[in-house]
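With the hints as constraints, model all of the structure from the sequences given.
Each protein sequence line maps, in turn, to chains H and C.
My numbering numbers the first residue of the first sequence as 1 and each following residue consecutively.
My numbering numbers the first residue of the second sequence as 1 and each following residue consecutively.
Source of the hints: derived by calculation from the structure; they are not laboratory data.
Computed from a predicted model, the values in this text were never measured in an experiment.
Here a beta-carbon is modelled for each residue, glycine too, at the ideal position from N, C-alpha and C.
Certain hints may be false.
[What the hints assert, rightly or not] Chain H is faced by these chain C residues, among others (derived, beta-carbon under 7 Å):
| id | residue |
| --- | --- |
| 1 | Asp10 |
| 2 | Arg23 |
| 3 | Glu101 |
| 4 | Leu104 |
| 5 | Cys110 |
[Unchecked claim] So these bits of chain H aren't anywhere near chain C, every CB distance computed over 10 Å:
| id | residue |
| --- | --- |
| 6 | Trp116 |
| 7 | Leu158 |
| 8 | Asp164 |
| 9 | Ala166 |
| 10 | His176 |
| 11 | Ala231 |
| 12 | Glu255 |
| 13 | Val271 |
| 14 | Pro353 |
| 15 | Met377 |
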Amino acid sequence: MKKLGEIALGIVTGIGGFLEAGSIATASQAGSEFGFQLAWVMLLGTASLACLMEMTGRLAAVSHRSYADLMRERFGVRFFLLPLVALLLVSFLSLAAEVGGVAITLEMATGISLRWWAIPVALLGWALLWRGTFGLMEKGTAIFGLVALVFAVGAFKLHPHWPDVAKALLPSTPSHDRARYWYIAVSVLGASISPYLYVFYSAGAIEGGWTVDDLGVNRMTVSLGNIFGGALAICVVVVAAMVLAPGHVKVDSFEPISRMLVTPLGEAGFVLFAATLFVTCFGTTLEIALAMAYLLAEGFGWAWSQNLRPSKDARFSMTYTVAILAAAVPIVLGMNPFALTNIAMVLTAASLPVTVLPLIVLMNDRRILYRDTNGWMSNAALVIISVMAIALFVAAIPLQVTGGG
Amino acid sequence: MLHLVHEVLDAQLLDRHDQKIGRIDDLVLELGDDGRPRVSAVLIGGSPRARRMGSWIAALARLFGLRETGVSRVPFAAVRRIGDDVALDVEQGDLSSERLERWLREHVVCRVPGSAGERK
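Below you can see the structure in the form of structure tokens.
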């Protein structure tokens, strides 16, 4: 029963947890500019993320050690600096983008500029982290995240030609604007394969006290959660393709996206969109701030647990405090959250090799995983993801220059 | 047999009460009277860590005021157990490498409401 509960929680987390500022923005760009055509990239990103989460979850369940912990110990402090700096940088940009996402929904609701909202949002997030436990946070974001299902309702009410959507799940090359197409593809991958997610997930497995007995739960949670999450993200592409693409609406802010659901759902669509953006961005804000604290605490061997009171893990608590408050600064200074989101997603895509390639070594080390090292299928998947990660590293910045903006 | 670089260096350290107290940032080797080297101490702290990251990182760390005073040197004889973690027979409160933790706890964290007591 307990395991069923955990799997259910994992699925519910996947539904709301997958969508956030980055995936909503990039999926809407994809749909508005290329119709259903980029749906396959969403599928690729989701499948890759599921593989990486399964592996880091397995690593934590078998060895009782988190991803960052093993990176430091297995590769030494000199190498560790590389993923540490890369992850802190892209996580911080994403964190600022998410705080901006929450602030922009408050601007939509109240008419008061988002610049005024950034600090209150950061303070509210910080207070929840300071007072709440891991379980409370996980369940809260999961349950409120269900509002994101509104995108599935919207997609069905628009009656897309589903065989066309299915066809788009197979890779295809663009008929126009090649640079723009690949630029959006890179952003979509950066938005789906977020490294903070596997740092957070493996730390969560440690917090939950996972053992070898939880490997089944890990596999089910990751696959079902990502299937639901990925399907929902594809629904965002579908809605954008049906509503925005016919009028050639260019998505360069959250403004056009926010009206997207009005077509299928009436004025309620606007409110439901705002609620979705608010809840999912807020949940992600908490996750990223915690992931940054986990990363530093595990890497440097500090005491850490979201279940401890801050006085027992002062450096850990101060890390998420500083991170979440600092993330409000770019928004207060007037940086556009949408532009910030795009930059964060492209840099995330570029950063993937440093967090993915070490897994090839870790996942095949019998001293860490004993009998649960990667089989040939997991290794094949990991090699494919690694090749893709290297391609993203090489292509991301040039594509930002040629296809961005 | 113990692989120093693989199994000991960078390992998680625990104190007498199994509290996390950083990682083995460096090891000190000494030549004994018989002329054979043996591990004499573990170093915990920012500057030995920075030295292992490379010379320019170490220089940068010095520039930003990282001092040797924040380094703990614990005799290897204080090792209680070596496994996934390395447990030492020391008190967290006695380590200079834990000064930042103590300072943050006393001067920042404990002044904010809700920082102590039990989690709900």
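Inset, instruction - Of all the hints given earlier, name the ones this structure violates by number, lowest first. - result: none
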